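Line by line, the protein sequences give chains U, Y and L.
For the first sequence, the numbering used here assigns the number 1 to the initial residue and increments by one for each residue that follows.
For the second sequence, the numbering used here assigns the number 253 to the initial residue and increments by one for each residue that follows.
For the third sequence, the numbering used here assigns the number 673 to the initial residue and increments by one for each residue that follows.
If you are wondering where the hints come from, they were derived from the structure by calculation, not from laboratory data.
The structure presented is a predicted model; accordingly, all values stated were derived computationally and were not measured.
Check each hint, because a few of them may be wrong.
FRET-style restraints, in silico, Cβ to Cβ [to be verified]:
#1 G788(L) to A307(Y): 28 to 38 Å
#2 D479(Y) to E5(U): 42 to 52 Å
#3 R590(Y) to T25(U): 47 to 57 Å
#4 Q595(Y) to E5(U): 47 to 57 Å
#5 A682(L) to T25(U): 17 to 27 Å
#6 D693(L) to E434(Y): 46 to 56 Å
#7 N798(L) to Q595(Y): 22 to 32 Å
#8 R471(Y) to A720(L): 54 to 64 Å
#9 G788(L) to E625(Y): 18 to 28 Å
#10 E5(U) to A720(L): 26 to 36 Å
#11 E450(Y) to G788(L): 32 to 42 Å
Every residue, glycine too, gets a C-beta built ideally from N, C-alpha and C.
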Amino acid sequence: MNSSETALWWARARALGPAQYETGTPAPDGFLRLLEPDAAQVWLLPAHPGTAGPWVLDELGLNGPTVEQPNDTARMLAAVVRCCWADPDDAIWPGQDVDWDAVMSVYRTFGDRDELVVHRAATGAIRRLHSGGWVIWDENRRVVRLGPRCGTWVNADLTVLRELWRSLPAPDEPDDQAPELEEQIEDAGETGSGSVASRPEPDNQAELNNNAESVATPDTDPRTDEPDDVDEADTPAEPEAENDTEPEEPSA
Amino acid sequence: MTDGSSTLSLEDLAPEAGVLRIYRQVFAVLAREHGAMISDVDLLDVDEAIMAAFAEAGTEGMTLETAVASCRRFDQNIVSRRFEVLRGYGAITRVVDHPGERFHRAAFAPYVMLLFLRRLAAAGGQGELHQLLALEGLSIRSPSAGVEDGQGSVNRLSRVFRLMANQLSSLTTTSPVEELREHAELLWGNRALIRQAEEVHSQALGRWPELDRECAQLRTALAAYADASESAAARLIEQAGSTRALGLLPVETWRSFARTADAETLAGVLKGQTFDAVAPWFSPQAMALAVDNAQSSGPVRMPPPRPTGDTDAPTDRPVSADSDLIEFTDRVLARHRRVGVSQLLDDADDWMQARRILSLMVAAHHSPEVNAELTWSDGFRVDPEGPVAWVSGGMFGRTAVPAGRSSEEGSEESTEAVQA
Amino acid sequence: MTEMHPAFTAAVADLSERHRDEVLAAYAALEHSWQPLHESQLLALRDATLRRSLQQLLHPLGRTLVKVGPHNWTSGYRDDISRELSAEMLDSLPLVDRAVFVLILIHSVAIPRSQGLVDLDSWISNQPTTAEELTRYSKLPRTAVRAGLARLRASGLVQLAPDRRPNSQKAGSSSSAGASYLPGPQLARLTPAARRLLQEELILAAGADTPLAAAIRARRARPSEDGIPKPAEAHTDVPPQPAAEPPAATDVSSSAASTSTGTQPPTRADASFASENSVPQENS
Numbered sequence: 001m002n003s004s005e006t007a008l009w010w011a012r013a014r015a016l017g018p019a020q021y022e023t024g025t026p027a028p029d030g031f032l033r034l035l036e037p038d039a040a041q042v043w044l045l046p047a048h049p050g051t052a053g054p055w056v057l058d059e060l061g062l063n064g065p066t067v068e069q070p071n072d073t074a075r076m077l078a079a080v081v082r083c084c085w086a087d088p089d090d091a092i093w094p095g096q097d098v099d100w101d102a103v104m105s106v107y108r109t110f111g112d113r114d115e116l117v118v119h120r121a122a123t124g125a126i127r128r129l130h131s132g133g134w135v136i137w138d139e140n141r142r143v144v145r146l147g148p149r150c151g152t153w154v155n156a157d158l159t160v161l162r163e164l165w166r167s168l169p170a171p172d173e174p175d176d177q178a179p180e181l182e183e184q185i186e187d188a189g190e191t192g193s194g195s196v197a198s199r200p201e202p203d204n205q206a207e208l209n210n211n212a213e214s215v216a217t218p219d220t221d222p223r224t225d226e227p228d229d230v231d232e233a234d235t236p237a238e239p240e241a242e243n244d245t246e247p248e249e250p251s252a
Numbered sequence: 253m254t255d256g257s258s259t260l261s262l263e264d265l266a267p268e269a270g271v272l273r274i275y276r277q278v279f280a281v282l283a284r285e286h287g288a289m290i291s292d293v294d295l296l297d298v299d300e301a302i303m304a305a306f307a308e309a310g311t312e313g314m315t316l317e318t319a320v321a322s323c324r325r326f327d328q329n330i331v332s333r334r335f336e337v338l339r340g341y342g343a344i345t346r347v348v349d350h351p352g353e354r355f356h357r358a359a360f361a362p363y364v365m366l367l368f369l370r371r372l373a374a375a376g377g378q379g380e381l382h383q384l385l386a387l388e389g390l391s392i393r394s395p396s397a398g399v400e401d402g403q404g405s406v407n408r409l410s411r412v413f414r415l416m417a418n419q420l421s422s423l424t425t426t427s428p429v430e431e432l433r434e435h436a437e438l439l440w441g442n443r444a445l446i447r448q449a450e451e452v453h454s455q456a457l458g459r460w461p462e463l464d465r466e467c468a469q470l471r472t473a474l475a476a477y478a479d480a481s482e483s484a485a486a487r488l489i490e491q492a493g494s495t496r497a498l499g500l501l502p503v504e505t506w507r508s509f510a511r512t513a514d515a516e517t518l519a520g521v522l523k524g525q526t527f528d529a530v531a532p533w534f535s536p537q538a539m540a541l542a543v544d545n546a547q548s549s550g551p552v553r554m555p556p557p558r559p560t561g562d563t564d565a566p567t568d569r570p571v572s573a574d575s576d577l578i579e580f581t582d583r584v585l586a587r588h589r590r591v592g593v594s595q596l597l598d599d600a601d602d603w604m605q606a607r608r609i610l611s612l613m614v615a616a617h618h619s620p621e622v623n624a625e626l627t628w629s630d631g632f633r634v635d636p637e638g639p640v641a642w643v644s645g646g647m648f649g650r651t652a653v654p655a656g657r658s659s660e661e662g663s664e665e666s667t668e669a670v671q672a
Numbered sequence: 673m674t675e676m677h678p679a680f681t682a683a684v685a686d687l688s689e690r691h692r693d694e695v696l697a698a699y700a701a702l703e704h705s706w707q708p709l710h711e712s713q714l715l716a717l718r719d720a721t722l723r724r725s726l727q728q729l730l731h732p733l734g735r736t737l738v739k740v741g742p743h744n745w746t747s748g749y750r751d752d753i754s755r756e757l758s759a760e761m762l763d764s765l766p767l768v769d770r771a772v773f774v775l776i777l778i779h780s781v782a783i784p785r786s787q788g789l790v791d792l793d794s795w796i797s798n799q800p801t802t803a804e805e806l807t808r809y810s811k812l813p814r815t816a817v818r819a820g821l822a823r824l825r826a827s828g829l830v831q832l833a834p835d836r837r838p839n840s841q842k843a844g845s846s847s848s849a850g851a852s853y854l855p856g857p858q859l860a861r862l863t864p865a866a867r868r869l870l871q872e873e874l875i876l877a878a879g880a881d882t883p884l885a886a887a888i889r890a891r892r893a894r895p896s897e898d899g900i901p902k903p904a905e906a907h908t909d910v911p912p913q914p915a916a917e918p919p920a921a922t923d924v925s926s927s928a929a930s931t932s933t934g935t936q937p938p939t940r941a942d943a944s945f946a947s948e949n950s951v952p953q954e955n956s
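Required output: the full structure, derived from the provided sequences and hints.
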């Protein structure tokens, strides 16, 4: 790979965020290759040297990107890590797909708040994490998994995370729902190809938000003059999709 | 009551008394005293108010006292003085030409002049020029127009465009770019002006082929204006920096573009740009801290969500960057409005901590939420023994205009008072 | 991933360990910080030699130093890279987001400039754009604008203007009845050429029939003489395999020349590292 291609790859990763490519796509040195569970696609994103990553900002007392509701968002990520990282002694990537309700069962333990408030905070947080590439949130199937940015945590980070993992309660086991196997398999096939090579993540996010928009405003909209970020933390989604999904074991 | 000395020469020049009378009437609104030009725009307001009062007064006219009374938002003496000036120039005349007559009536021409002045002042004369062009076009098309009328029109237009071209060229070649920028209105709508003038030109030439010499002059004048505006625009663009050229378009152009352009057109402006994707960083430490905070805070009952739709979960005290900065700023500036940078850094134990303080100050300076600014001076202090060997001179302090922050500062003071 | 990419090692190979740490820290700070950094914060920004190493580190990663005002620095896309990536990148940003962003630039930068309200030559502005201008008076669909604003804020293209109403300062977000917006911190990352391009595209779009637009078109039609590339060809004439990049000196020198006043000449240090900076190109 020549120098201008390398430069283009680094810049592209910054401009588009983590993106999926076909396995075997060459990437410059210094890039992480995070293989999808089906091994057909790979996430390519830059790995910064230990002394030059975003974590250095903390050391220098500088601020990174502003995150809305940073605490809720960080807690949601903790809940997702607790659920999707099946075995903390194992590698964190790719982790497993987990039902939204399982994530919520962990998230709910972070303080005793009104269900409506919790739900809004959680929905806003999971969408922010999705758009930043920290989780992959399939809103239709109500399934969550770890996002490619989790692959950029270094070993020291993972040590802290393991400790955090152990300090958190296990998610509620989904019990009384009969798994519908066929559908489950089909769905799983679709998730893998949710974003194809060179198709950037923000596209999906756009669709996702647009869907949310059309679902959220069918009737008289009393929130017309509300903050724009209302759209991020919507009213609770209808809980009917629950029957369709089950936490999946990783295929490998 | 006329001022003979200043108008006599005009009288000599003017072949007809009627022309002179109108001339003097319209000149009245420009006269401060007899013979002196107006230099204070406020006087135009007074004149306008007097003319408006006459319009209201109807056919009987009115007295000086009535005029003063209806213009009472202005100083009585000024109104009286303006009344006299207008009368001196014949813009206002006695109903009966007798020194004892108290009722006056007004001519309309001064008011028309006033309107023109105002419009010229507001828009730089472009609109009036368009109207002039339209009028010249009309007069050339008029069936009764003769070759002299055509010649007059064409010559007038030549002069207007030559004057504009001269002004622009000299601004472009000899003036600082700032001055050129201030006269950017000379450029506005130049294509439409030229188009209109060309129409007049071709009509005149078609109707009176003998005017080919005058028409050639008009063509030259138009070309000179086009060239002048092109090189003026080029100079402005060369010197435009990264946003200065934006100020060369009239506000209305921007506003109407913003309000009428569709999404594709607006989005097209970003052609060639590249921006960063959303890329927040979550350190496991911060995640663990957020979890700890939530778990240690214990059960909190939420009030029902407010109808305003504030999405914030109220227990989730935003520890966003800016609240840190507000805290920092409030702490550092608790006693003084301004502190020296070196003074603050002296408190630091080591370079790392000093660096952190510095970055907090810079971030506070940049944050729109924080009422603080960091100003650097040229000098710097060197102290090889101190935690920070090298410190620029500078001050950290409250911004001069505490926009919108005063209420909050007030509330913080009150909570402190309660605690104390 | 703890292994260093050659791009990182090559640029800092000749430095002492301490200076290497300084350069890498400055790299991380510039690339990830939300705001530009004052040169007093980082040795690698105020020391011209280290700053050159920093630029050599940024260059092979498609990035370049950008000077913001007399003493502040950030990083941005190299102009040649930006030209190549732009179409790809903009496709990934929803249309309405781009439109809303441009509207905010018009209301917060262009209009105040025409009104003579701003002095600094910068895309950073403190003149707020009201939510009303975006929703009521534009032709964009209201709900889409709201969703777009949330995304634009997350990416730093747009930020909330300080709230002037009492009691809402610390609420984080606020109800948008009085909410207004400003161009976000990402604008500081534009190189001088990118800033200029943005200005020109805005004039071409809003005032296509003005002599200014004609002057811009004429300027672009001329062969580039000042090193600023012709943006009209942004993504049509670029060959798929970008073999010929303009020398690195282009974007460095132009970034060094940028100041918010626009009148300050580049300092000697800036000018010297501009000329030396075509080096990293040949390393790899």
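- Message: Does the beta carbon distance between R590(Y) and T25(U) stay inside 47 to 57 Å, or does it fall outside?
- Response: With a Cβ separation near 56 Å, R590(Y) and T25(U) satisfy 47 to 57 Å, so the hint holds.
- Query: Does the Cβ-Cβ separation between N798(L) and Q595(Y) fall within 22 to 32 Å?
  - Reply: Distance hint for N798(L), Q595(Y) holds at roughly 28 Å.
- Per the hint of 18 to 28 Å, is the separation of the Cβ atoms of G788(L) and E625(Y) within bounds? 23 Å, holds
- Is the hinted range of 26 to 36 Å satisfied by the C-beta distance from E5(U) to A720(L)? Taking Cβ atoms as reference, E5(U) and A720(L) lie about 30 Å apart, which means the hint holds.
- Could you see if the CB distance from A682(L) to T25(U) stays within 17 to 27 Å? 24 Å, holds
- Hint says 32 to 42 Å; check whether the CB-CB distance for E450(Y) and G788(L) agrees. Roughly 34 Å apart at Cβ, these two residues keep to the hinted range, so it holds.
- Message: Quick check: does the Cβ-Cβ distance between Q595(Y) and E5(U) fall within 47 to 57 Å?
- Response: Holds, since Q595(Y) and E5(U) (Cβ atoms, about 51 Å apart) stay within the stated range.
- E5(U) and D479(Y) - C-beta distance against the hinted 42 to 52 Å: For E5(U) against D479(Y), whose Cβ atoms are near 47 Å apart, the range 42 to 52 Å holds.
- Just tell me: holds or violated, for the beta carbon distance of G788(L) and A307(Y) against 28 to 38 Å? Between G788(L) and A307(Y), where Cβ atoms are some 35 Å apart, the hint holds.
- Message: Taking 46 to 56 Å as the stated bounds, is the beta-carbon spacing between D693(L) and E434(Y) within them?
- Response: 51 Å, holds
- Message: Quick check: does the Cβ-Cβ distance between R471(Y) and A720(L) fall within 54 to 64 Å?
- Response: 58 Å, holds
The structure fails none of the hints (numbered hints given earlier).
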